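Chain by chain, the residues:
Number of protein chains: 2
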Amino acid sequence: MTSLVSVIVSGGAGTRLWPLSRELAPKAFMRLPDGETLLGKTAKRALSPPGVGELLTVTNRELYFRTKDVYAELGDRKPRAASYILEPFGRNTAPAIALAAMAVEAHHGGDAVMLVLPADHLIADRDAFVAAVARAAELAADQMLVTFGITPTRAETGFGYLECGDALDNSDRAPAAFRVRRFVEKPDQATARSYVAAGNFVWNSGMFCFTTAAILAALKRHAGTLLGAVERCADAIRSADASMMEIDPDLFASVPDISIDYAVMEPAAAAGEVAVVRGTFDWTDVGSWQAVAELEAADSDGNRGHGERVSIATRNTFVHADDRVVATVGVENLAIIDTPDALLVANRDALQRVREVVTELKTRGHDAAREARTVLRPWGAFTVLHEGPGFKVKRIEVKPGAAISLQLHHRRREHWVVVAGTATVTRGDEVFSVETQDSTHIPVETKHRLENSGAAPLVIMEIQCGDYLGEDDIVRFEDRYGRAK
Amino acid sequence: MTSLVSVIVSGGAGTRLWPLSRELAPKAFMRLPDGETLLGKTAKRALSPPGVGELLTVTNRELYFRTKDVYAELGDRKPRAASYILEPFGRNTAPAIALAAMAVEAHHGGDAVMLVLPADHLIADRDAFVAAVARAAELAADQMLVTFGITPTRAETGFGYLECGDALDNSDRAPAAFRVRRFVEKPDQATARSYVAAGNFVWNSGMFCFTTAAILAALKRHAGTLLGAVERCADAIRSADASMMEIDPDLFASVPDISIDYAVMEPAAAAGEVAVVRGTFDWTDVGSWQAVAELEAADSDGNRGHGERVSIATRNTFVHADDRVVATVGVENLAIIDTPDALLVANRDALQRVREVVTELKTRGHDAAREARTVLRPWGAFTVLHEGPGFKVKRIEVKPGAAISLQLHHRRREHWVVVAGTATVTRGDEVFSVETQDSTHIPVETKHRLENSGAAPLVIMEIQCGDYLGEDDIVRFEDRYGRAK
Chain A
2 MTSLVSVIVS GGAGTRLWPL SRELAPKAFM RLPDGETLLG KTAKRALSPP GVGELLTVTN
62 RELYFRTKDV YAELGDRKPR AASYILEPFG RNTAPAIALA AMAVEAHHGG DAVMLVLPAD
122 HLIADRDAFV AAVARAAELA ADQMLVTFGI TPTRAETGFG YLECGDALDN SDRAPAAFRV
182 RRFVEKPDQA TARSYVAAGN FVWNSGMFCF TTAAILAALK RHAGTLLGAV ERCADAIRSA
242 DASMMEIDPD LFASVPDISI DYAVMEPAAA AGEVAVVRGT FDWTDVGSWQ AVAELEAADS
302 DGNRGHGERV SIATRNTFVH ADDRVVATVG VENLAIIDTP DALLVANRDA LQRVREVVTE
362 LKTRGHDAAR EARTVLRPWG AFTVLHEGPG FKVKRIEVKP GAAISLQLHH RRREHWVVVA
422 GTATVTRGDE VFSVETQDST HIPVETKHRL ENSGAAPLVI MEIQCGDYLG EDDIVRFEDR
482 YGRAK
Chain B
2 MTSLVSVIVS GGAGTRLWPL SRELAPKAFM RLPDGETLLG KTAKRALSPP GVGELLTVTN
62 RELYFRTKDV YAELGDRKPR AASYILEPFG RNTAPAIALA AMAVEAHHGG DAVMLVLPAD
122 HLIADRDAFV AAVARAAELA ADQMLVTFGI TPTRAETGFG YLECGDALDN SDRAPAAFRV
182 RRFVEKPDQA TARSYVAAGN FVWNSGMFCF TTAAILAALK RHAGTLLGAV ERCADAIRSA
242 DASMMEIDPD LFASVPDISI DYAVMEPAAA AGEVAVVRGT FDWTDVGSWQ AVAELEAADS
302 DGNRGHGERV SIATRNTFVH ADDRVVATVG VENLAIIDTP DALLVANRDA LQRVREVVTE
362 LKTRGHDAAR EARTVLRPWG AFTVLHEGPG FKVKRIEVKP GAAISLQLHH RRREHWVVVA
422 GTATVTRGDE VFSVETQDST HIPVETKHRL ENSGAAPLVI MEIQCGDYLG EDDIVRFEDR
482 YGRAK
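Chains as they are written, first to last, in the numbering used here: chain A, 2 to 486; chain B, 2 to 486.
By construction, these hints were calculated from the structure, which means they are not laboratory data. Note that this is a predicted model, so its numbers are computed, not measured. Be careful, since some hints might not be right.
Treat identical chains as interchangeable: a pair holds within one or across any two.
[To be verified] Simulated pairs of lysine to any residue, SDA-like, Cα-Cα distance not exceeding 25 Å:
(1) K363 - H307
(2) K363 - D300
(3) K400 - D468
(4) K395 - A421
(5) K395 - G422
(6) K393 - V376
(7) K393 - Q438
(8) K363 - S301
Using the sequences and the hints, build the whole thing.
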């Protein structure tokens, strides 16, 4: 059997899922009610077909460490081998898939079959998914470009559709496969209804299967300029670590921003080169709060949600409550998403417009568009709990074995109280331990480092004092995560 | 001229204004958009009629220091003399007014005129108010029990009404005064409409004016049992400080819980003893979020509010935003009240039902019914910013000249970082100063006190560490506010 390599394309900001999804905390990292992330679920699914042990993820620098953390959480089910392509910025799916195809070809040759999965879909029936992948891999081995279609359950206007042509075999075997006649963009309501009625239209799931040779040949035929630009990026990778390929920003800037559907699949379908496997599994593109709400069971009033809720005369309302009590009185058909620094109250019929909030926040230069109150870092995370004139209070969590860079501040001093774990503190020329419940103090202009040499998470409360407390008052001398330059 | 003493009756919880109003932070203390509290505005109004310099406030122990703080904020306009009756718990208006009448009679005799005002009303036209009080004081001097009526501007079903009988003089002098024919409870919509159409009905504002002799005589006639029970409470007051009269809980428990309208005014009106002065001023019983919303100007979409708001396709919606951004999408006719520990989203047509949220929270034993995240104390305030296993982070603010009790904890140690002002710290046998940006540490089982001997507020961040962090792990040795017993 030829190699089967799963490729996860991760990075869409998911602005319609604000305020839980942020630019630096996209929806693939959102925790679902079961505690898992969409990315974690996608990784498990990507590794479920027999023969797949290797996972290639296309993402970006900001999300690299977080992605590794999610895979590490999978425990026994984590990938045997994981590699990463890090884009400097998003350029849609065609460049991402082209880069992935080159990387897989370099290691496994032109016969290697790639299974390409967006990071933020949800499929519950894994057996049906595996069966569809098996069928797709057979067709891919015949040099077809294979897509996965979902039988529409409603006249959805938010998805693209595929028109199925001839069946690719005459037997009754499931899942069925067809040649794709054409790709169609998101239709209007009437057109969507006609597609559902016609019976030979399926939703375009955005998942693909093909050999590296087939997709690279199709890219060459239909998107030669793009392929050339991507090849220059691939050639320029000079990483010592073959499992982490960073793409040069200047070279990547010249790559067209275009989807794989538009660049390759549509013209290839016209040339008869594209097949669709009609999946018999459920499939959710968790693209809006409506989709998230539907992951939870409704009570007898149609209300859903979690957290401390008080519902008076409330119907058909979804509440995501965090650490506060959320009370609703006399309302219906709302989605209420409560987070530590931002609140959304939206009509469930207007959820497509949530992205306009993000646009407006960006216009105002408001942080709530970019990151949540808890900011993730390669070494752990910090949260600003409180600030006032001349001071700032932060919760800082350092992962076992991790360390904050050796640094110095010109204008602030810091008080540290250890509330969990043991800190190894470098302060000037001293290195010493600070145990739980103990404290220490870092004067202005003093080189310091906070390190967790223990096996449990280290949590400290940091009180910064000074006349300037911006994150940019930092001189980094040494950093394990390449940030000292 | 006889004495005119203003009496403010304060203490209604204002459950319809949750979550800004809480049991321990009632609506009279809510800050309005202009930064003033309803209580502060009421005190200024109470002191505005000529001849009034003395203010008697009926409230409770929990609100005593906060009430004094509000009056202190009035600066030049603060009362020349302020005294307080502290009820151990609420018993409606009849007992409160009876206690006040006895206290005023004891100091000023039976001819003294009392002006009784609820703490949480809003009246903008102070001159018209003063004119109405002057008219009421004349009638009170003739031993009438005087109420203030407001000409209805709509068929409101949330207020009681007074039916006016004969005019009390034949001239055209304003404000007009009438004998009251009867008191009527909150009517239904049709009845309210008929009252407005009839022209001789006014809203019962809940404000009163009478001599101590007249009200005590009327209490004796119409509510003798209640008066007897209240007299026993008054006789038992053994305060060295005549300006602070604490009522004994056991004695007060036997006083009937009844309103002055029901206990005295209704039967007295039937006996022809009650007059009404028809005020020409505006009047708002700030009794619901609708009334609070109307204090602010609406934009062209009918939206009102304050704080960081993003409004997409939003109409007729009131948003109270605190330190978070509040985004609304495709909603209308909502009131959204965002506070650090609780959120309310209510239809503006269902605001009367907000009190049901408080009832439900009490049933659940949830703190959000009782107090806000920032808890006020006689010496200042504290806010729990964050807590986790084995630690708690508090912001503590100590007023100039104030001190926390000399205390000790058996199971926690405390780290203190001063972020504003200067702390005078007692720790065991030492007393020392801690300046802004500096820190200190209080070990377990060590007597300590935090004091602000400076002129500016003292703010510290306290990190508590220990296996038990309940507020009840405290041994108080000495307390300026009588809490060491």
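Okay, the hints, checked on the actual structure:
When the C-alpha separation of K363 and H307 is checked against a cutoff of 25 Å, the pair qualifies only between copies, where the shortest distance is 20 Å, while the shortest distance within a copy is 29 Å. Taking CA atoms no more than 25 Å apart as the test, K363 paired with D300 passes between copies only; the shortest distance there is 23 Å, against 37 Å inside one copy. In the homo-oligomer, the alpha carbons of K400 and D468 lie at most 25 Å apart only across protomers (23 Å), although the nearest pairing inside one protomer, at 30 Å, exceeds that limit. Within a single copy, K395 and A421 get their C-alpha atoms as close as 14 Å, and across copies as close as 17 Å, so both meet the 25 Å cut-off.
Within a single copy, K395 and G422 get their C-alpha atoms as close as 17 Å, and across copies as close as 21 Å, so both meet the 25 Å cut-off. When the C-alpha separation of K393 and V376 is checked against a cutoff of 25 Å, the pair qualifies both within a copy, at 15 Å, and between copies, at 21 Å. For the identical chains of this complex, K393 and Q438 are neighbours both inside a copy (20 Å) and across copies (11 Å), given an alpha-carbon limit of 25 Å. Taking the shortest Cα distances, K363 and S301 sit within 25 Å of each other only across copies (24 Å), while inside one copy they are farther apart (39 Å).
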